[in-house]
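Chemist: Below are the chains, spelled out letter by letter.
2 protein chains.
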Amino acid sequence: MEKIQSIASYTKEIFDKNLHSQIVNKHLDVEAWFRKQWIKYPAPFYSSIDLRNSGYKIAPVDTNLFPAGFNNLDSGLDSLYLSAIQHALEKQSIEIERVLIISENHTRNKFYNESIKKLESLINRAGFETQTCMLGDVENVNIINKKLSNDKNVLSYKSFVPDIIILNNDLSSGVPKILKGIKQSVLPDLNLGWTNRSKTVHFKYYSDIVYNFSRVFDLDAWLLEPLFRNCGEIDFKTKQGEECIIYHASKLFELIQEKYDKYEIEEEPYIMIKADSGTYGMGIMKISNIDDIVKINRKQRTRMVKTKGGNLLDSVILQEGIYSNEKLMLPNDVVEPVIYAFGSNLVGGFYRIHQDKNNSENLNSPGMRFKPIPFSDVCISPDNNQPIYADVNKFYIYGVVARLAILAAAKELYNVEI
Amino acid sequence: MEKIQSIASYTKEIFDKNLHSQIVNKHLDVEAWFRKQWIKYPAPFYSSIDLRNSGYKIAPVDTNLFPAGFNNLDSGLDSLYLSAIQHALEKQSIEIERVLIISENHTRNKFYNESIKKLESLINRAGFETQTCMLGDVENVNIINKKLSNDKNVLSYKSFVPDIIILNNDLSSGVPKILKGIKQSVLPDLNLGWTNRSKTVHFKYYSDIVYNFSRVFDLDAWLLEPLFRNCGEIDFKTKQGEECIIYHASKLFELIQEKYDKYEIEEEPYIMIKADSGTYGMGIMKISNIDDIVKINRKQRTRMVKTKGGNLLDSVILQEGIYSNEKLMLPNDVVEPVIYAFGSNLVGGFYRIHQDKNNSENLNSPGMRFKPIPFSDVCISPDNNQPIYADVNKFYIYGVVARLAILAAAKELYNVEI
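These protein sequence lines map, in sequence, to chains A and B. Counting with the working numbering, you get residues 15 to 432 for the letters of the first sequence. Counting with the working numbering, you get residues 15 to 432 for the letters of the second sequence.
The set of hints was computed from the structure by calculation and includes no laboratory data. Mixed in with the good hints there might be a few duds.
Note that identical chains are pooled: a pair holds if it fits in a single copy or bridges any two copies.
Straight-line C-alpha distance at most 16 angstroms; calculated EDC-like pairs for lysine to aspartate or glutamate [as the list claims (entries may be wrong)]:
id	residue 1	residue 2
1	K132	D397
2	K309	E256
3	K50	E109
4	K385	D347
5	K50	E104
6	K40	E143
7	K276	D234
8	K40	E111
9	K54	E109
10	K50	E111
Isolated chain A (complex conformation) (with noise of 0.2 angstroms):
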């Protein structure tokens, strides 16, 4: 794996003082507070967090509990997703043998098809008997995969009678038939699909936790967090709920300028609208003022009308845009880091990059590539004899917030789960 060789220093001091050092000095309590958490909320299955740093605040802007991109971790760790995964499913049941994966449905997309081959080889060497499906078209039970079959609410794929399920397929047409009410196990929750789930909720949960945290460990939680407001019965094509947005857009640039006033940060704010529910890089947009609303053309709201799946989008969500200003070795890179977990376990990560898109802008879309986080032994032992903005302490940082992303999505599945 190539090593990442050199991350431009920070300029603001907020950084050390505030965030870093608290966190780093405090590690040992921090790692207790977290062991009692999972107890309560213990963790879904996996999950990825996508980060952003701006070097004076570090907070997630998406949980994702359908991860892919497994293909881009580093493949020297095997042995440590290995024994995360075997830990994760020993947490449901001991009994456990087959494990069946239910994939997207993207045939022609050769990455994602590399992830799910990883992941199931991974979940094949960690011990389980694993063979992967499509679901086919959840909308229409005709063309629902003919190799599935729910006979006495026991799903089977061909001759295969999973003990458990985990769902690679976020569910964004809604809980398929054939899956309802079956005796094995889904992981995660079949209600934590996007038809469910909104990010909304997760960011509510994530504040929740976020102030807990801070008030513990005496903090401004503002460093951990994405400030955002959410808009319901958006329709970007006949304008309806315009004044929604802008009413809120508002109130998020006033609240956002206050922080930067406070410490002193010179750059713009701006926004990130968001579909509520969803993944995969589509339906956002970025904002730099108000009158960015009203300006919206035709090419744009086309755009956010239409989800993954082409589901309308309803329901938005406007979240404080978090510049990146990260820097791996060429300038004119943009990276953000994406953290990955099973359960409570982190594994590692790499960083998301894109060479034409600038520090406010949206990273996951084509163009982008990937470099492993080399997690050797970081993200969950910073060293306090080493600089606060050093690798082995900021990916500490990371571990710590994409912990938290975790924790809130524990918040969610434990509150649908029946």
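Fit chain B to the known structure of chain A by using the hints.
Modeler: Quick look at chain B alone, frame taken from chain A:
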């Protein structure tokens, strides 16, 4: 880390036809089998297992519940060790925040000190406040470490009150009063010190386990275990008990020869006589025939009389000698693998290497060197697509045999715990 570049091929087909192929081909069943065992018999906190690989059989020759040598593990996989430690401690209690390691009194042993330092650092980086102290002279209450105190059955070290105590002292001289009846858990159990433990009991459990395992997976158990016999009340000085050793050695030579004949192995059987309680390669003697016993010279007798800590040797185990026919790069080097685990989680290991020993001698002696075993994904996942002698498959077998030995230790633990 220097990569291990070549391992000489094996001469015997039995390795391929029986042992390897059965275990590698059925590895998912093997993993499922282990998962069920760990529920019944939870693994001790940590262990290291010395293996010997003759090319036709692979078996443990020593199972250490107070492992040293952590400094010899591959430093690129720290994340795996941290994760394994977290899981092993979590299984005890989620309330653990402070860990006290009680080490051996080896103040001048540089290698041991490096190992303890590494162990302490790993536990600390896994998220626990950690301190290490020596015990002092157990036999003399006055020379017990004065910074240790027992107040109303709560052990503390200076002002540090641990939630749990990890023993890295094998209690060869007995359980000190200060540790008796304390409220904190001690890992491994105080009764697993060498005052109470015996190799004979361990290998009896091991033999039962391997018998069951071999029945399930249709193997000859001998391919996975050293045959053994036990003699109590031995005094090498006065030759008391010599006839017991002669009797059992004769039986053992016969049994080994039968197996050698069956598999057409042309090597000469030999036997290791070892102190039944104790470790560190002391009190070990090799005999190649019955005459060797009668001819044991004064020097050997003196060496056998005392083991670690100067305890009198009274009970011995006669263990089938297993040739080490594994080779690394240098033709004169004799090597044996040592496998490490926290709980039931294998975390890697190293080769113990000796250039002045032949393939039937004890390698745990001055002049030994170490080379980490590349454990990036091996030991828990074999690969049917690779040749049976490939590292990935051989190391998987090592992991299986090591776990069988850990399971034997787990049964010891199960039967001493109140």
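Chemist: Determine for every hint whether it applies to the structure shown.
Modeler: Hint-by-hint comparison with the structure:
1. K132 x D397: between (32 angstroms within a copy, 14 angstroms between copies)
2. K309 x E256: Intra 11 angstroms, inter 100 angstroms, cutoff 16 angstroms: intra-copy only.
3. K50 x E109: between (26 angstroms within a copy, 8 angstroms between copies)
4. K385 x D347: within (12 angstroms within a copy, 40 angstroms between copies)
5. K50 x E104: between (19 angstroms within a copy, 10 angstroms between copies)
6. K40 x E143: between (42 angstroms within a copy, 11 angstroms between copies)
7. K276 x D234: Only inside one copy: K276 and D234 sit 11 angstroms apart there, 74 angstroms across copies, limit 16 angstroms.
8. K40 x E111: Between copies only: 13 angstroms across chains, 40 angstroms inside a chain, cut-off 16 angstroms.
9. K54 x E109: Result: close only across copies, 13 angstroms inter versus 23 angstroms intra.
10. K50 x E111: between (29 angstroms within a copy, 11 angstroms between copies)
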